Each structure stands twice: as structure tokens, then as C-alpha cells.
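As you go down the protein sequences, you meet chains A and B in turn. Add 319 to a position in the first sequence, counting from 1, and you land on the number used in our numbering. Add 319 to a position in the second sequence, counting from 1, and you land on the number used in our numbering.
I should point out that these hints are in silico values taken from the structure, not numbers from a laboratory. Quick caveat: nothing in here was measured; it's all calculated off a predicted structure. Please note that a few of the clues may not be correct.
One copy or two, either will do: identical chains are not told apart, so a pair holds if it fits within one copy or between any two.
Stated by the list, open to error - SDA-like mimics (lysine to any residue), calculated; alpha carbons at most 20 angstroms apart, straight line:
hint, residue 1, residue 2
1, Lys327, Gln413
2, Lys379, Gly331
3, Lys379, Ala451
4, Lys327, Ser448
5, Lys426, Gly388
6, Lys327, Pro376
7, Lys433, Arg463
8, Lys379, Leu333
9, Lys426, Arg362
10, Lys433, Leu449
11, Lys327, Gly405
12, Lys327, Gly388
13, Lys433, Ala347
14, Lys433, Leu330
15, Lys327, Ala420
16, Lys327, Glu422
17, Lys433, Pro332
18, Lys379, Arg409
19, Lys327, Ser381
20, Lys426, Asp450
There are 2 protein chains.
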Amino acid sequence: MKRPTRAKLDLGPLPHLLGYALRRAQIAVFADFIAAFEPLGLRPAQFSVLLLIDINPGCKQSDAADALGIMQPNFVALMDDLERRGLARRAPAQTDRRSHALELTDKGAQLLGKARAAVTAHEARVTQSLDAEEASQLFELLARVERSLQAPDSDS
Amino acid sequence: MKRPTRAKLDLGPLPHLLGYALRRAQIAVFADFIAAFEPLGLRPAQFSVLLLIDINPGCKQSDAADALGIMQPNFVALMDDLERRGLARRAPAQTDRRSHALELTDKGAQLLGKARAAVTAHEARVTQSLDAEEASQLFELLARVERSLQAPDSDS
Chain A
320 MKRPTRAKLD LGPLPHLLGY ALRRAQIAVF ADFIAAFEPL GLRPAQFSVL LLIDINPGCK
380 QSDAADALGI MQPNFVALMD DLERRGLARR APAQTDRRSH ALELTDKGAQ LLGKARAAVT
440 AHEARVTQSL DAEEASQLFE LLARVERSLQ APDSDS
Chain B
320 MKRPTRAKLD LGPLPHLLGY ALRRAQIAVF ADFIAAFEPL GLRPAQFSVL LLIDINPGCK
380 QSDAADALGI MQPNFVALMD DLERRGLARR APAQTDRRSH ALELTDKGAQ LLGKARAAVT
440 AHEARVTQSL DAEEASQLFE LLARVERSLQ APDSDS
């Protein structure tokens, strides 16, 4: 795929706006993830959901959506897809019959095992230009920006 | 709007994966942009397109899409919307009658003027937790990550 010849047009102040710079970097990192995980049929959000369920088996659907910062309707669509593919399932929650407890299927656990192995190589590629200290600083600054924008009524 | 109580679930390695950290920060910054620019009816990508056309009047549609890293079909949809709202227009390009030269309308230029004023306040909010040196380092690291992932056949 031919890449853009960005020098052609003047981007003006855009590269100096944080949202723009974040979005460009995020798209580049996601493109690497999407290409690397295509053989497994996993996109970034699907991988996050499988991983979260694996670490928190039986978690409530609404808590999982909140933890990942995914809006409920989008999370429901994600779970529908994972359930249709036989990778995860919704069981009635023991404490609250109206909500769902999320679990991986054996097939989901197997796929996640392969994905965990592949993610190390992906992570090495996307951080290849950073030394350990720079990577650590980048994570710290990103987390700080996110935290500073949380609503005042945040209870986290 | 109530915010997630993230402490409830264990996110495991997710916060230490660059794609995840970038996506969380990007969503938080975009949420601020979207809320601030809702009165103007502009989302981040629409603002970027108006700004790019203003700086590069008469630019070709395909070059604008490339410069912003937006896929052509998505860019066409974006321009369709801006054109329908009377903010931008496509004129036949002088050098190549098959391609389009993009221009702002007076209404688009006026709206962009208001947006340029609003973007300063937005930028101050989203970088509020960073001092000048940290902000500059964040931009540098983001740009380095993006550049390092450009395809080998890149001509930029």
C-alpha cells in the first residue's frame, strides 16, 4: 500500500494539537495490531475484551464496558460478535439475575493464548523507536492526560 | 454522566500496551473536543479538513486525504457532508480535470474562524497536566512512534 506524501500539503498547526498527534500515533499503532492479528481474526477492542474476561472471569457486562471505557451499546455489539464466534458467553450473574456474567469459552481461551504470544512482537515493533526510559515516560504522560480529563464527578 | 469505577476490574497488561494507552488518551482528548465544538457542529476530523483546505486552498481531494492520513472513501464522505452544509466545495482542478480542487465557502471560512478561537481553550485544557517541556516531549515521542511505523515504501 502506497503511503501518503505528506510533504505536499502544509498541515499548519495540526501536528501541534494534542488530539491530532494522539490520533495519528494511535492509528499507526492500531494498523500494526490489525495487520498482525488479522490471521487470528481479532481487532484491538476484541482482544481487550477477551483479555479482560480472562483476567476477571464472571465479571458483569456493565463493569467490563466501564473498565475498558467502551460505551454500553458498543460493548453489547462486541460481545454479540464474540458470542456468535463461540469465543465468549454470557451467563446469568449469580448476584443479579438481570445482569450478565462474562466468561471465555475453551475456544476463546485458546485464541487468547495465541494472541498473548503475538502481542509481545507487536509491542516490540510499535515501541522500537523508544528506549525504556522514553517508553515509560510516554505511558506516564498519556495516563496523566487521560486522568486530568476525567469528569469532576468521577468516582474512580 | 457517571464515570467508570475502573478499580473494580483488573485491567492486567492492557495499560502497558501502547495501543491501549494511546487509545484511552485519544478518546479522552476527543471527548473534550467534541463537547467543546458541538455548538459549532464540528467533529475533530471535520475541523482538520476545514483547516487543511484553508491553509492549502485549491488542493486536490486525494492529496488532502493523504496529508491527513484519512482513507479516500472516508474523506469523500467527510467532504460530502461539508459540501451539503455549505462549508466547503469541490471545483474541477485546473491541472487535472478528473480531480477536484477543494475550497472553503465564506460560511466555512467564518465557521473555521470561530473554531480556531475555540481550539486554543481546548488545547489548554487537554494539556493542563503537562508543563511545556513535558508537552514538547509527548509530541516528540508520538511523532517518533508514528514515523517508525511508516511503511518501507513510504515516499514521505
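Evaluation of the provided hints:
In this assembly of identical chains, lysine 327 and glutamine 413 lie within 20 angstroms of each other by CA distance solely across copies; the values are 17 angstroms between and 60 angstroms within a copy. In this assembly of identical chains, the alpha carbons of lysine 379 and glycine 331 lie at most 20 angstroms apart only when taken from different copies (17 angstroms versus 46 angstroms within one copy). In this assembly of identical chains, the alpha carbons of lysine 379 and alanine 451 never lie at most 20 angstroms apart, being 36 angstroms within a copy and 41 angstroms across copies at closest. With identical chains, the CA atoms of lysine 327 and serine 448 are never at most 20 angstroms apart, being 25 angstroms at best within one copy and 34 angstroms at best between copies.
In the homo-oligomer, the alpha carbons of lysine 426 and glycine 388 never lie at most 20 angstroms apart, since the shortest distance is 26 angstroms inside one protomer and 36 angstroms across protomers. Taking the closest pair of Cα atoms, lysine 327 and proline 376 come within 20 angstroms of each other only across two copies (13 angstroms); inside a single copy the shortest separation is 51 angstroms, beyond that limit. Taking the shortest Cα distances, lysine 433 and arginine 463 never come within 20 angstroms of each other, neither inside one copy (32 angstroms) nor across copies (29 angstroms). Taking the closest pair of Cα atoms, lysine 379 and leucine 333 come within 20 angstroms of each other only across two copies (18 angstroms); inside a single copy the shortest separation is 40 angstroms, beyond that limit.
When the C-alpha separation of lysine 426 and arginine 362 is checked against a cutoff of 20 angstroms, the pair qualifies only within one copy, where the shortest distance is 17 angstroms, while the shortest distance between copies is 40 angstroms. Proximity of lysine 433 to leucine 449 under the C-alpha cut-off of 20 angstroms is found in neither arrangement, the shortest distances being 26 angstroms within a copy and 38 angstroms between copies. Taking the closest pair of Cα atoms, lysine 327 and glycine 405 never come within 20 angstroms of each other, the shortest separation being 47 angstroms inside a single copy and 26 angstroms across copies. When the C-alpha separation of lysine 327 and glycine 388 is checked against a cutoff of 20 angstroms, the pair qualifies only between copies, where the shortest distance is 13 angstroms, while the shortest distance within a copy is 37 angstroms.
In this assembly of identical chains, the alpha carbons of lysine 433 and alanine 347 never lie at most 20 angstroms apart, being 22 angstroms within a copy and 30 angstroms across copies at closest. For the homomeric pair lysine 433 and leucine 330, the shortest alpha-carbon distance between copies (19 angstroms) is at most 20 angstroms, but the shortest distance inside one copy (40 angstroms) is not. For the homomeric pair lysine 327 and alanine 420, the shortest alpha-carbon distance between copies (14 angstroms) is at most 20 angstroms, but the shortest distance inside one copy (52 angstroms) is not. Within a single copy, lysine 327 and glutamate 422 get their C-alpha atoms only as close as 50 angstroms, which misses the 20 angstroms cut-off; across copies the closest is 17 angstroms, which meets it.
In this assembly of identical chains, lysine 433 and proline 332 lie within 20 angstroms of each other by CA distance solely across copies; the values are 15 angstroms between and 42 angstroms within a copy. Within a single copy, lysine 379 and arginine 409 get their C-alpha atoms as close as 9 angstroms, which meets the 20 angstroms cut-off; across copies the closest is 50 angstroms, which misses it. In the homo-oligomer, the alpha carbons of lysine 327 and serine 381 lie at most 20 angstroms apart only across protomers (11 angstroms), although the nearest pairing inside one protomer, at 46 angstroms, exceeds that limit. Within a single copy, lysine 426 and aspartate 450 get their C-alpha atoms no closer than 37 angstroms, and across copies no closer than 47 angstroms, so neither meets the 20 angstroms cut-off.
Of the hints listed earlier, those the structure fails to meet are numbers 3, 4, 5, 7, 10, 11, 13, 20, in rising order.
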